[in-house]
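Chain order of the listed sequences is A and B. Residue numbers 9 to 343, in the working numbering, belong to the letters of the first sequence in order. Residue numbers 299 to 644, in the working numbering, belong to the letters of the second sequence in order.
Note that these hints are calculated values from the structure, not bench results. Cβ atoms here follow ideal geometry from the backbone N, Cα and C, with glycine treated the same way. Don't take every hint at face value.
If you anchor each label on the Cβ, the simulated ranges turn out as follows [claimed, not checked]: (1) B:350 to A:314: 53 to 61 Å; (2) B:335 to A:120: 30 to 38 Å; (3) A:120 to B:562: 48 to 56 Å; (4) A:53 to B:520: 25 to 33 Å; (5) B:377 to A:148: 40 to 48 Å; (6) B:407 to A:30: 42 to 50 Å; (7) B:619 to A:313: 55 to 63 Å; (8) B:521 to A:286: 33 to 41 Å; (9) A:120 to B:403: 55 to 63 Å; (10) A:274 to B:350: 27 to 35 Å.
Some residues of chain B that are not near chain A, with every Cβ distance over 12 Å (derived) [said to hold, decoys possible]: (11) 333; (12) 338; (13) 374; (14) 396; (15) 407; (16) 418; (17) 440; (18) 466; (19) 489; (20) 612; (21) 614; (22) 617; (23) 635.
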Amino acid sequence: MGERALEVDRLVKFFPLGRRRTVKAVNGVSFHIDRGEALALVGESGSGKTTVGRCILRLIEPTEGRITFLGDDVTAMTQEQFRPWRRRIQLVFQEPYDSLNPRMRIGRILDEPLMLADRSTPGGRRARVLELLDMVGLGAAFLTLYPHQLSGGEQQRVGIARAIATNPDLVVLDEPTSALDVSVRAEILDLLTDLQQRLGFAYLFISHDLTAVRRVCQRVAIMYLGKIVETGPTDEIFARPLHPYSRALLSSVLYPDPVDQRSRFLLAGEIPSPIDVPAGCHLHPRCPWAIDDCARDYPPLEELLPGRRVACFLARRQNGIAEPRADARSGVPHE
Amino acid sequence: MRSWATGSATTSTLPIGNSVDALLEVKDLHVDYLRDAGPVRVLNGVDLTVYPGESLGVVGESGVGKTVLVRAILGLLQPPWRVTRGQVLYEGDELLRQSEKELRTIRGRGIALTTHEPRKHLNPVSTIGAQIANVVRAHATVGHAKARERVLELLGRVGFPDPEARLTAYPHELSGGMCQRVIIAMALAHSPKLLMADEPTAGLDVTISLQVLDLMRGLVRDANSSLLLVSRDLGVVAHYCQRVAVMYQGRIVESAGVQTFFERATHPYSRRLLRAATAARDEGRGATTSAGPRVAAAVVGCAYTPRCPVRVERCATEPPALEPVAAGHLVRCFLGAEIAAGRVTV
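Kindly produce the complete structure, drawing on both the sequences and the hints.
Below, the structure written as structure tokens:
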């Protein structure tokens, strides 16, 4: 086991709505990222994945729980104390254009984080800016351009260059490719993989798209309505998802292959609102394989197979295999 | 358990050639966007045919003119957009020459459209029931009670478990997936012969996307209508369409049966799209090349020339025609036959 870059322990974030109603955006989430490791946090809307990212960056204050960054408890710090940590935890945004100041040239956009970190002379900073542009596959020609003169993919490359400018230990990527076209998306994913391997950043890759994270991340944590339902090595989750929700997510991926022979596994109904999470396992009203226990209690996230943690009563009862036996409630998932 | 293969349409029943009359034919359609600095050509000679009962997927990345195309077909473009050339034939009738009044009889009844961002296309201050009832009454003189009955039936058909309860709901009370279902209910209110679905799953969660696509396919199939599905997602097209047409910079660059396309895509741009899309599935890293320079607005020859790895001299100066490389497989590329035969590798 490598050195921990980040450790998130029982993180809770509730947003009060007044009249005693709360959005339970994140409800007891624990995970860790080793140095130089890429972890994907995958979930659909309302899963709380973005809220987790914002808590880690201290953009919002967690309700409960602890976040430890390279051994230091950052939740106990004041914003002022946390400031020096900021250059070590950086963020890449979803909308590349919206995240760049339209009135700054690219050179200045990349110079800003260096200036704030005030570690070098203007000349040294300029050399670093050129080096950054080179690292993300853009040349010196981009120095004097404005964001609107760049394509979406180029803008996102600038966003990535800015994030890695101060040599952070952790880069939080919040849906970095979902605003991009497919052919550009593949290029950006390749770039992210490449940078991580060369420079050894730890990544927290937040996404709703399992296929995007597959190429970049070694491990995946899948979230549903504020909780992690399954974690494990990427390859193993792709080969055999254990939680019914993971299975449904994977089954929803439409591969560009008309003779795809995978069997389908669809969930019924809509994703409930995080204001009104179902009692028991949050998935049970949509899960075709729910058993009696599921409506009563929330299943614990337990290691059922080596390296694989799953929160599912059925999987637990059957040593990791969340598939109904003949005596289970329903045999075949609906279409 | 059902497999993907039996779920998606078979290609054997495809009408190829002139054996069946086309339901919709778009010929050489040109659309300009007028600016002070001069017009920008957005559609640059689109040729497209939809046969009765088939589902055709129009694929392309953002900005290639997919949405402009479906809006031009229905005569919905307004200045600064202008159709400058071409024909849109629906059951043989030229739509571009029809008056607004004539077009209204076709919109919704002959051809219906579902839009992406469904919430934006619903009236925020009117109930779902009232909005669908409006659509129901647009083409039929029915009383209040009859219209209500029809609305309930439509809501049930698009999968609302309790239609009665939704009649008085406002769009903001519905999720994105439910708004898309409402739009589909409206589009199908008059059993159109052709449903054009513009990015029906954009902005929807993945587990909801499949529900919406399944629903749409089922409804179109039951009514024996045709589907023109506009998408940037090759996965969606692979599973929900029988034929594919690839759009690039305002032109169709390739069209083929879905099986043919995913086995033997021929145009260099189609190949690039396919490679990028399959990279998501295959563990290995995609053999993606750099996007290269963005394409200038006015291109004399093939618009893909600046990015094309196999371009030849004439590509930059002369536009290639959309020509068959096999039965039912059209490619707009000078090297199409060579690539299809494997003599040139892309």
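Violating hint indices (sorted, rising):
Of the numbered hints given earlier, the structure breaks none, since each of them holds.
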